[in-house]
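A.B. asks: Protein chains in written order, with our numbering: chain A, 1 to 110; chain B, 1001 to 1116.
Simulated from the structure, these hints should not be mistaken for lab results. Source: prediction; values computed, not measured. A hint or two may mislead.
As the list claims (entries may be wrong) - Footprint (simulated), chain B over chain A, 3 or more residues, beta carbon under 8 Å:
{"no.": "1", "segment": "4–13"}
{"no.": "2", "segment": "65–75"}
Unchecked claim - Beyond 12 Å from chain A on every Cβ pair, some chain B residues (computed):
{"no.": "3", "residue": "1017"}
{"no.": "4", "residue": "1019"}
{"no.": "5", "residue": "1045"}
Where a beta carbon is used, it is the ideal one built from N, C-alpha and C, also for glycine.
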Amino acid sequence: DAKTTQPPSMDCAEGRAANLPCNHSTISGNEYVYWYRQIHSQGPQYIIHGLKNNETNEMASLIITEDRKSSTLILPHATLRDTAVYYCIVRVGYDYKLSFGAGTTVTVRA
Amino acid sequence: DVKVTQSSRYLVKRTGEKVFLECVQDMDHENMFWYRQDPGLGLRLIYFSYDVKMKEKGDIPEGYSVSREKKERFSLILESASTNQTSMYLCASSLLGTGGSYNEQFFGPGTRLTVL
Chain A
1 DAKTTQPPSM DCAEGRAANL PCNHSTISGN EYVYWYRQIH SQGPQYIIHG LKNNETNEMA
61 SLIITEDRKS STLILPHATL RDTAVYYCIV RVGYDYKLSF GAGTTVTVRA
Chain B
1001 DVKVTQSSRY LVKRTGEKVF LECVQDMDHE NMFWYRQDPG LGLRLIYFSY DVKMKEKGDI
1061 PEGYSVSREK KERFSLILES ASTNQTSMYL CASSLLGTGG SYNEQFFGPG TRLTVL
């Protein structure tokens, strides 16, 4: 699996968009980008995934650069409940195994 | 609402004890997983099951075994607990993927195990 690099932490104001970057410069053509998050004292929660097109669901948007070497997760209107550790993962679509690194600790402030 | 439940949120055991961690899912998922999560090491897969009585080793199976007698239940067993097995244990489940598709994993709340 390609390695990912995320900033260790970031702050965001409540009601504003939160833009979470992820670098994956060694990504292969058949590897997807996945995002999970983990709220304190809870299990991880799936957010979104994509291959090369931008994706949007009820939780977030995923923007993948044309060369696929980086991506950005966008939480359009951050709330205090979005405070969590966010993990960017790169792996092939059929691979069942998840492996998280340190992620980005996002703190949403009122 | 989909649900993965784990038998305990917190557990304290002594070195050498046999420990059972239970996980139940109500989504009729084929796949079930046991992970452990440690500061600085992230999330690591211990064992995986894709069907009743079927299991596969993950990255760190040593010191653990699993049992899946019913589709909805997946148990993690520490035959003789050791202090280095103090960790957060997370169970997850997902649908069986077909044709290269991805199916999200749904996680339980975790069991924080302390081995003294």
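A.B. asks: What are the numbers of the hints that this structure violates, sorted from low to high?
C.D. replies: 1, 2 and 5
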